[in-house]
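Number of protein chains: 2
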Amino acid sequence: MLLIKELNKDKVGDKITLAGWLRTKRDSKGGFSFLEINDGSTFTGIQVVADDNLDNYSDIKSLHTGASLKVSGKLVESPGAKQAYELQADNVVIYGNTDQSYLLQKGRINFETLRESAHLRCRTNSIGAVMRVRNVLSKATHDFFQSRHFLNLHTPIITASDCEGAGEMFQVTTLDLDKLPKTDLDKVDYKKDFFGKQTHLTVSGQLNGESYACGMGRIYTFGPTFRAENSNTSRHLSEFWMVEPEAAFFELKENADLARDYLKYCFKSVVENAEEDLKFFDQRIEKGIISKLELLSEAEFTRITYTEAVKILEKSSVKFEFPVKWGIDLQSEHERFLTEKVFKQPVIVTDYPKDIKAFYMKLNDDEKTVRAMDVLCPQIGEIIGGSQREENLDVLLARMKNLEIDPQDYSWYLDLRRYGSVPHSGFGLGFERLVQFCTGMSNIRDVIPFPRTPKNAKF
Amino acid sequence: MLLIKELNKDKVGDKITLAGWLRTKRDSKGGFSFLEINDGSTFTGIQVVADDNLDNYSDIKSLHTGASLKVSGKLVESPGAKQAYELQADNVVIYGNTDQSYLLQKGRINFETLRESAHLRCRTNSIGAVMRVRNVLSKATHDFFQSRHFLNLHTPIITASDCEGAGEMFQVTTLDLDKLPKTDLDKVDYKKDFFGKQTHLTVSGQLNGESYACGMGRIYTFGPTFRAENSNTSRHLSEFWMVEPEAAFFELKENADLARDYLKYCFKSVVENAEEDLKFFDQRIEKGIISKLELLSEAEFTRITYTEAVKILEKSSVKFEFPVKWGIDLQSEHERFLTEKVFKQPVIVTDYPKDIKAFYMKLNDDEKTVRAMDVLCPQIGEIIGGSQREENLDVLLARMKNLEIDPQDYSWYLDLRRYGSVPHSGFGLGFERLVQFCTGMSNIRDVIPFPRTPKNAKF
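Protein chains in written order, with the working numbering: chain B, 532 to 990; chain W, 532 to 990.
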């Protein structure tokens with residue numbers, strides 16, 4: 532059996548077999564029907580011509596949108612302009628039909644309704660296209676990092692530590708909540724829990740990634756991470772996938788180079804490998820997205836320091852909602868102004884004030900800023916956040932003391948600085964944000980197969 | 532900067548820069564030292580020759596195993612037989628040293644002790660080699676399925692359903708366990724929990740995978756799964772990675788072909804891409820592992836039905852601990868006898884009794900067996916389990932009724948059979964078992980970066 536994706540000129544004239552789902556059917560009075568079949572491998576399906584010489588032609592005529600079938604016949608060049616090939620059926624096996632209760636036969640359906648049927652929505656043009664682009668980006672991620680000799684590392688999902696206190700965490704337990712064991716002080720007795728202590732779902736694999744980078748050189752993670760924030764917005768998921776490379780002997784410059792090269796590789800991959808899907812997004816979701824991605828895959832990615840960025844923003848005549856001064860965290864409006872108005876391309880902002888960044892970022896000689904970097908893109912602002920890590924044990928300990936972080940809680944992490952410490956750097960990218968950027972989809976719930984959000988863990 | 536992996540004949544004579552960690556040092560009386568440096572990119576490091584013309588030669592002499600450094604110099608062919616190249620240093624930057632408290636300088640350390648320092652153990656020969664092989668297998672997995680047009684699918688980790696009741700699950704919650712909200716009946720009020728109901732960590736992505744296969748054709752997952760079983764053995768992890776492909780229009784035969792091709796591709800990839808690491812495993816961990824993998828990458832993979840397998844076992848003169856008769860679940864001793872003694876190669880056993888298999892497996896016409904398949908390998912027995920899925924709604928409902936499974940709990944899953952149902956199949960592979968098989972490592976805790984087991988979620 533072939534996939535529609537595998538059809539090409541060489542196969543014209545061959546007898547082939549395809550299988551898929553019926554998208555549309557048009558019955559002609561002349562005793563034949565046009566069936567448009569899609570098998571999920573491409574955006575455009577194939578037109579099948581079935582006529583009344585087929586034994587089961589009357590069954591074929593009774594098929595509804597969404598019916599599943601296998602068709603054998605001759606592949607011919609199509610006389611129509613819409614598609615390159617069509618299939619002249621000489622055998623049609625019907626696997627299953629649908630009925631009036633099938634959601635997806637009633638013309639265009641809005642994304643919100645589709646979300647309620649997340650188990651079926653990949654059968655639509657839009658979500659099918661999104662998931663193919665998502666796959667292209669997943670493949671591009673592995674291909675890119677493997678080609679640069681980064682090892683794919685599987686960092687733990689269940690964790691007993693809280694990386695950088697990056698946000699609300701989900702608790703993981705096997706205790707019977709209706710019969711909780713208690714200590715003498717009437718607190719929950721976590722010694723009796725599965726891991727012998729309180730555990731949570733990870734918010735980042737970075738610290739574990741650093742451990743492997745400081746021994747194997749270059750690693751990247753690509754796995755699920757979690758935030759238990761009660762944010763019911765189109766930008767937040769409770770469960771999402773992150774890409775986190777970490778490299779020994781990379782300083783901030785190499786880290787920024789890596790982030791730029793990775794993003795450009797992704798954009799180029801989508802342009803080259805999801806042409807039909809992108810055309811759909813260009814027409815229906817975001818006008819100009821193809822040329823946007825083409826431009827970005829060749830863009831320079833301007834680099835400026837935070838201090839320079841603040842100066843530019845202060846000098847501009849724009850009245851921002853959040854007033855700008857040195858020390859503030861840049862808001863989305865500032866980030867977009869820099870990328871969209873000033874530089875008209877992605878911008879990598881480096882060396883942020885230490886007070887707005889995490890404890891593990893390397894302190895600069897000015898002792899006011901750290902070697903952080905954010906990669907800002909038009910439309911969405913920050914798409915990547917990263918830094919060179921503090922490799923000096925004493926500096927790191929002083930910083931933790933300042934922030935009242937107990938070194939005991941990070942003793943294994945500090946070992947990486949005690950024994951053969953090396954300069955190293957890394958970054959994190961929220962994979963769904965990247966998929967949104969490459970498809971134009973406005974709600975993050977529509978770019979992950981089964982979204983997890985407050986009050987919703989359906990399917 | 533180059534990786535040791537990137538060195539080749541063309542670079543002999545070049546001035547290059549490398550960085551890594553000191554594995555051994557030998558000081559000669561003639562005023563020079565041999566430093567063996569490893570950067571994690573390969574098993575064998577590189578020998579650096581540093582002499583007293585270097586400004587910091589006295590510092591170099593004081594370095595301990597595990598120290599980190601960057602070396603620039605000329606790459607030359609090595610006069611020694613041990614390595615192809617060596618580096619004549621004309622500049623050595625010392626990043627960090629170690630001291631007597633560093634675990635990894637005291638000769639060979641057993642795996643149990645290394646596990647206590649999981650954050651450092653990738654710096655050893657053995658665990659470094661394991662993790663490079665693990666990466667080769669991860670890359671092979673993506674490459675294989677992408678080349679067959681399977682889409683990488685990210686199925687949810689947090690779930691409100693329990694696939695096939697496959698085992699004990701971890702609960703996920705944001706409720707404050709010291710102040711649990713209660714219902715009128717004094718039960719925990721899960722309406723107040725984050726997702727508005729009780730949720731757990733997934734044990735398999737299969738059901739979600741089926742949803743996407745029944746629309747997009749071919750998908751594969753590669754993600755973490757969880758078992759809250761209190762099994763403190765060398766074969767069990769609480770958190771492990773699974774590979775689960777699912778394909779529409781695949782019947783059991785195509786499914787078995789896919790499993791065979793995937794495994795052979797993996798074995799071949801390791802042989803071709805981890806030569807040095809395999810040599811180490813062959814010498815130190817499992818004699819003959821290289822020829823084992825070479826043979827298996829060309830093996831036929833015998834296929835027999837469960838009924839045939841039982842007949843062979845019954846006829847054999849071996850006295851098994853678990854007596855064999857039709858209807859029993861095959862035990863490891865039976866599986867190993869079939870692969871090691873009878874067929875001397877992997878065996879795919881199909882069509883198991885329905886009573887020992889899950890509800891979603893397709894019922895055969897005999898109404899006694901289902902289209903299940905287990906792929907058995909020498910030494911380990913089952914490495915893959917899979918099946919063709921029941922696509923007939925009525926048959927599936929009858930089976931669920933028999934097993935007292937409430938169809939309401941699976942209504943979305945049943946929709947896949949209501950609307951355009953198709954024959955489809957898939958399987959699951961425990962990724963760590965595969966890594967064990969390709970390295971010979973006997974304890975599963977040593978083939979995942981940070982193992983999670985009962986009472987242990989360290990790092």
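Calculated from the structure, these hints are not laboratory results.
It is possible that part of the hints are untrue.
Okay, derived cross-link-like pairs now, SDA-like style, lysine to any residue, Cα gap no bigger than 25 Å in a straight line [what the hints assert, rightly or not]:
id: 1; chain 1: W; residue 1: K986; chain 2: B; residue 2: Y941
id: 2; chain 1: B; residue 1: K823; chain 2: B; residue 2: T838
id: 3; chain 1: W; residue 1: K989; chain 2: B; residue 2: A759
id: 4; chain 1: W; residue 1: K728; chain 2: B; residue 2: E699
id: 5; chain 1: B; residue 1: K710; chain 2: W; residue 2: R949
id: 6; chain 1: W; residue 1: K899; chain 2: W; residue 2: K875
id: 7; chain 1: W; residue 1: K989; chain 2: B; residue 2: K986
id: 8; chain 1: W; residue 1: K722; chain 2: B; residue 2: Q702
id: 9; chain 1: W; residue 1: K728; chain 2: W; residue 2: Q939
id: 10; chain 1: B; residue 1: K670; chain 2: W; residue 2: L706
id: 11; chain 1: B; residue 1: K713; chain 2: B; residue 2: K723
id: 12; chain 1: B; residue 1: K728; chain 2: W; residue 2: E699
id: 13; chain 1: W; residue 1: K556; chain 2: W; residue 2: N656
id: 14; chain 1: W; residue 1: K546; chain 2: B; residue 2: H680
id: 15; chain 1: W; residue 1: K989; chain 2: B; residue 2: Y588
id: 16; chain 1: B; residue 1: K986; chain 2: W; residue 2: L706
id: 17; chain 1: B; residue 1: K875; chain 2: B; residue 2: I859
id: 18; chain 1: W; residue 1: K637; chain 2: B; residue 2: L945
id: 19; chain 1: W; residue 1: K810; chain 2: W; residue 2: L706
id: 20; chain 1: W; residue 1: K799; chain 2: B; residue 2: R679
id: 21; chain 1: B; residue 1: K556; chain 2: W; residue 2: R949
id: 22; chain 1: W; residue 1: K710; chain 2: B; residue 2: N761
Any hints this thing doesn't respect? Which numbers, in order?
Numbers 2, 5, 6, 7, 10, 15 and 19 - these are the hints that the structure violates, sorted from lowest upward.
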